[in-house]
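With the sequences and hints as input, model every part of the structure.
Chains C and V, in that order, are what the protein sequence lines are.
To convert, take the position in the first sequence, counting from 1, and add 119; that gives my numbering.
To convert, take the position in the second sequence, counting from 1, and add 119; that gives my numbering.
A portion of the hints provided could be inaccurate.
If chains are identical, the list can't say which one is meant, so a pair holds when it fits in one copy or spans any two.
As the list claims (entries may be wrong) - With a cut-off of at most 16 angstroms between alpha-carbon atoms, the simulated EDC-like pairs for lysine to aspartate or glutamate come out as follows:
1. Lys169 x Glu159
2. Lys163 x Asp142
3. Lys509 x Glu192
4. Lys421 x Glu129
5. Lys531 x Glu554
6. Lys152 x Glu617
These aren't lab readings, by the way, just hints derived from the structure by calculation.
It should be emphasised that the depicted structure is a prediction, and the values quoted were computed from it without experimental measurement.
2 protein chains.
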Amino acid sequence: MSSLPLESLEYQQARERIAAAYDTQLLQSAGRKVIDLLAEHLEKCQASSKSVLNWNEPAENITVAARMLHEAEACEAEEIESRIQLLVETIMARGHNLHDPRYIGHQVPASVPLAGLFETITSVTNSVMAVYEMGPWATACETALVREIGRLIGYPEGSFSGLITSGGSLANLTALLTARNVTLGESWKEGLSSRNPRPVMIAHGAAHYCIERSAGILGLGTENCLKAPLDDRGRIDVEKLEQLIRDVQSQGHPILAVCASACATPIGAFDPLHPIADLCEKYNLWLHVDAAHGGATCFSDKYRHLISGLERADSLICDAHKMMFVPALCAFVFYKNREHQYQAFQQSAPYLFDPSAPDLVEYDSGLKTIECTKPAVAFGLWGIWATFGKTLFADLVDLTFSLGKVLYDKLKAAEDFQTLHEPECNIVAFRYRPEAIRNAPAEKIGELQLRLRRRLIESGKFYIVPTQFEGVAALRCTVMNPLTTPTQFDELMQTIREQAQNLIGSEGFESSMQ
Amino acid sequence: MSSLPLESLEYQQARERIAAAYDTQLLQSAGRKVIDLLAEHLEKCQASSKSVLNWNEPAENITVAARMLHEAEACEAEEIESRIQLLVETIMARGHNLHDPRYIGHQVPASVPLAGLFETITSVTNSVMAVYEMGPWATACETALVREIGRLIGYPEGSFSGLITSGGSLANLTALLTARNVTLGESWKEGLSSRNPRPVMIAHGAAHYCIERSAGILGLGTENCLKAPLDDRGRIDVEKLEQLIRDVQSQGHPILAVCASACATPIGAFDPLHPIADLCEKYNLWLHVDAAHGGATCFSDKYRHLISGLERADSLICDAHKMMFVPALCAFVFYKNREHQYQAFQQSAPYLFDPSAPDLVEYDSGLKTIECTKPAVAFGLWGIWATFGKTLFADLVDLTFSLGKVLYDKLKAAEDFQTLHEPECNIVAFRYRPEAIRNAPAEKIGELQLRLRRRLIESGKFYIVPTQFEGVAALRCTVMNPLTTPTQFDELMQTIREQAQNLIGSEGFESSMQ
Numbered sequence: 120m121s122s123l124p125l126e127s128l129e130y131q132q133a134r135e136r137i138a139a140a141y142d143t144q145l146l147q148s149a150g151r152k153v154i155d156l157l158a159e160h161l162e163k164c165q166a167s168s169k170s171v172l173n174w175n176e177p178a179e180n181i182t183v184a185a186r187m188l189h190e191a192e193a194c195e196a197e198e199i200e201s202r203i204q205l206l207v208e209t210i211m212a213r214g215h216n217l218h219d220p221r222y223i224g225h226q227v228p229a230s231v232p233l234a235g236l237f238e239t240i241t242s243v244t245n246s247v248m249a250v251y252e253m254g255p256w257a258t259a260c261e262t263a264l265v266r267e268i269g270r271l272i273g274y275p276e277g278s279f280s281g282l283i284t285s286g287g288s289l290a291n292l293t294a295l296l297t298a299r300n301v302t303l304g305e306s307w308k309e310g311l312s313s314r315n316p317r318p319v320m321i322a323h324g325a326a327h328y329c330i331e332r333s334a335g336i337l338g339l340g341t342e343n344c345l346k347a348p349l350d351d352r353g354r355i356d357v358e359k360l361e362q363l364i365r366d367v368q369s370q371g372h373p374i375l376a377v378c379a380s381a382c383a384t385p386i387g388a389f390d391p392l393h394p395i396a397d398l399c400e401k402y403n404l405w406l407h408v409d410a411a412h413g414g415a416t417c418f419s420d421k422y423r424h425l426i427s428g429l430e431r432a433d434s435l436i437c438d439a440h441k442m443m444f445v446p447a448l449c450a451f452v453f454y455k456n457r458e459h460q461y462q463a464f465q466q467s468a469p470y471l472f473d474p475s476a477p478d479l480v481e482y483d484s485g486l487k488t489i490e491c492t493k494p495a496v497a498f499g500l501w502g503i504w505a506t507f508g509k510t511l512f513a514d515l516v517d518l519t520f521s522l523g524k525v526l527y528d529k530l531k532a533a534e535d536f537q538t539l540h541e542p543e544c545n546i547v548a549f550r551y552r553p554e555a556i557r558n559a560p561a562e563k564i565g566e567l568q569l570r571l572r573r574r575l576i577e578s579g580k581f582y583i584v585p586t587q588f589e590g591v592a593a594l595r596c597t598v599m600n601p602l603t604t605p606t607q608f609d610e611l612m613q614t615i616r617e618q619a620q621n622l623i624g625s626e627g628f629e630s631s632m633q
Numbered sequence: 120m121s122s123l124p125l126e127s128l129e130y131q132q133a134r135e136r137i138a139a140a141y142d143t144q145l146l147q148s149a150g151r152k153v154i155d156l157l158a159e160h161l162e163k164c165q166a167s168s169k170s171v172l173n174w175n176e177p178a179e180n181i182t183v184a185a186r187m188l189h190e191a192e193a194c195e196a197e198e199i200e201s202r203i204q205l206l207v208e209t210i211m212a213r214g215h216n217l218h219d220p221r222y223i224g225h226q227v228p229a230s231v232p233l234a235g236l237f238e239t240i241t242s243v244t245n246s247v248m249a250v251y252e253m254g255p256w257a258t259a260c261e262t263a264l265v266r267e268i269g270r271l272i273g274y275p276e277g278s279f280s281g282l283i284t285s286g287g288s289l290a291n292l293t294a295l296l297t298a299r300n301v302t303l304g305e306s307w308k309e310g311l312s313s314r315n316p317r318p319v320m321i322a323h324g325a326a327h328y329c330i331e332r333s334a335g336i337l338g339l340g341t342e343n344c345l346k347a348p349l350d351d352r353g354r355i356d357v358e359k360l361e362q363l364i365r366d367v368q369s370q371g372h373p374i375l376a377v378c379a380s381a382c383a384t385p386i387g388a389f390d391p392l393h394p395i396a397d398l399c400e401k402y403n404l405w406l407h408v409d410a411a412h413g414g415a416t417c418f419s420d421k422y423r424h425l426i427s428g429l430e431r432a433d434s435l436i437c438d439a440h441k442m443m444f445v446p447a448l449c450a451f452v453f454y455k456n457r458e459h460q461y462q463a464f465q466q467s468a469p470y471l472f473d474p475s476a477p478d479l480v481e482y483d484s485g486l487k488t489i490e491c492t493k494p495a496v497a498f499g500l501w502g503i504w505a506t507f508g509k510t511l512f513a514d515l516v517d518l519t520f521s522l523g524k525v526l527y528d529k530l531k532a533a534e535d536f537q538t539l540h541e542p543e544c545n546i547v548a549f550r551y552r553p554e555a556i557r558n559a560p561a562e563k564i565g566e567l568q569l570r571l572r573r574r575l576i577e578s579g580k581f582y583i584v585p586t587q588f589e590g591v592a593a594l595r596c597t598v599m600n601p602l603t604t605p606t607q608f609d610e611l612m613q614t615i616r617e618q619a620q621n622l623i624g625s626e627g628f629e630s631s632m633q
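Have a look at this one:
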């Protein structure tokens, strides 16, 4: 098949259509409209004058999304701007409003809106990195942030390294891959086949699921991700951890890493890092800490004690898209030993890495991350930091952690709510358990929590999430919107009571509670 | 340490500082300014009135980026908007301008600007997904796109599945992880230890580096990623592939997958997919195709013949942030067998996946991707598709592939340039080899290409990339800006000649050419 001849009408028409799509005046006018719509939308969300979650069934949403793709073929040039407005309004009308203070759900923040604005530059200009020359300024921003945060974590100047990658799961995988390559000799090149006895890793018993997944991905096998026993506050029990290490070592299994959590997901428990680091030193083990949520306490004078010892970790991860309140995804990996940044991947790619400029290799992000092309996600964090200073991040931690305590106090004071733990941060798990069902079987109480929550979120009035506590379903809030106020906690509790009354009173439920 | 009491002055001040950062009027006024600056910037880039690449040494850039973080602490409230403007201008002044038509470099596009605008909604509202309820509309857009593109690839309706993930490397890893789990039985749970003989995979001899990396990550070992021999056009030699398969199988090694490329990175060679699929059927092997670059030819009547047979792949990947011209990262994975979408990861996470709504599990993206929280990256592609229709993507492929041919014809017609292959798409590799150095040793000619290129890109006049061809360095262009014109190819060649003259004439170079 021959290519389009330049002089053909077909070629000229294609060029014209493309020029229209790349028109910068359209970008400007549509862009201003998008900004206006966004500002209006966020204002309404902040004032809770919309639903938190706009609930529609998947099939209905998918039908609409597909129809809008098909309709486009009939869109005339003069309709483009109104078409864009319709699409933008549809996105807003059918999404989830994390900026509503009644969003008290997953560990995904109501992000600082201006961070998204800086990322607009990333998206519109398609700013990326991989080799230094592809994104010199993206590389500079990322490097400056790595150095600042590494210092706040407490690594000695010049001794550590770090990188940004696409999310906490990928960050944990990258760090554990490094741990595997360093601790298991030639595993990168030779693989894990015919390793005997089989290598294992040890992780916090309620670690995020991505830790066990990493064992599955890296060829260890999920059953070789051993669970470290927890104490009654949900933290790694150090004595039992030592026993486990001894047992495993006595059977000859190499231990790839010990993975602690700061904090663990279910109830936000922070592991005792100094005693765990002592153990890892004693037994010569790689210490990895998943500080996706809690790492940002390094900004806070009030709460940095929670991660005391983090600077002793051989590797750690910290999600800026959690407690630094930037949009997803922006996850940091840090290595205590600077050289470990090159141990995850050990390869050459001639068309990328230029032998005529060997000094630049240190700044080639693709050598350190699974991503080859990687967007300049650092712009969001760098932008708000360079605007508001790092005080902003201390404020965000201090305020939301304080609000976690406020929510807990209210739940504890209410007779019909059951608190499950004293919160260490902004994560609070609990159950609604009024007098009428207090003697119901545990699984029935669990079932009520799940059905309650589903009604609650589909109503659009609040957004909270489910969890399990001691094997039974429970409710869980994370205060990820710093504009949430204590009044909204009162309203949440009142709304739960009302929903429960409807539910418990509904046919079939009461009898099932026997 | 106690939390901040709500009535404390400290708490009130933190609240006020945060409210200022979340102010929607600031978002609107700063947002309009950012849009205006972006539109002006892109207009200048399109007109080539700036440098393509703004070259500064890493140390200098990092110093500036760090200083701007520190300066923020002194920024007063009334200076916020001018501060933001300064930061935005700095980002633009020190970055790489992919929208300049003289950017003819990596396979990273001058993206459709409006796609970035739709992604602004993703960033500012922090729209994410993981479970359906976290991003119902994001899930709907992604699902609609998967269905449309799967159909265009040629998978039968309802039989296939797909997902979006953070980049081509991660997409290839995800698909190969699925292949490993399906073909190697219990490898997810049990790992690869004590597998003997060791499993291998077979990949295109010049596959993207992420394929061999995948073998390293997944526990196979990079030395167990065998290279399929290529023919003289850089494509997998099917006869030699069959011989390799037989040899490997006769030694008892399980073959995880055969990985073909559509196209391979160095010169854009498309593998013959039908004959390779025939072989895979004959020997009962998993066929994976890395169609990161070429998958989008499914939109084009002119070029879809290049990927004929792609619909026979058990898994394939296609980067929308390449030939669909959306910002990075937006990579698709497709599975021919719908059920394989659940084979990459096989786990439960109780706080995420709600047993009270089992019907929704099919729409929980976190079950299929390494990312737990994943941004709504589909908004960019969905937005421009729903605005301009899929004709836009056909135009972009047709135009840039045609331009590849135009560049090739010009290089071939010039006596001082050496073409290395007849291009199948918009990737063109070549060398500058004037009469004066024609008899120089090959490595000296290679060295000239690299030094030439470095001068060229640091001058800001053009951006092209290095590659290797038959072991010797060469130059490589990918036409990733549809606004590039044939005139710019003439200018590129002229600029290379001028740079080379300076370089060859410079002290020390000529003698080294002997």
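How the hints compare with the structure:
no. : hint            : result
1   : Lys169 x Glu159 : within (12 angstroms within a copy, 35 angstroms between copies)
2   : Lys163 x Asp142 : between (31 angstroms within a copy, 12 angstroms between copies)
3   : Lys509 x Glu192 : between (48 angstroms within a copy, 7 angstroms between copies)
4   : Lys421 x Glu129 : between (66 angstroms within a copy, 12 angstroms between copies)
5   : Lys531 x Glu554 : within (15 angstroms within a copy, 86 angstroms between copies)
6   : Lys152 x Glu617 : neither (40 angstroms within a copy, 46 angstroms between copies)
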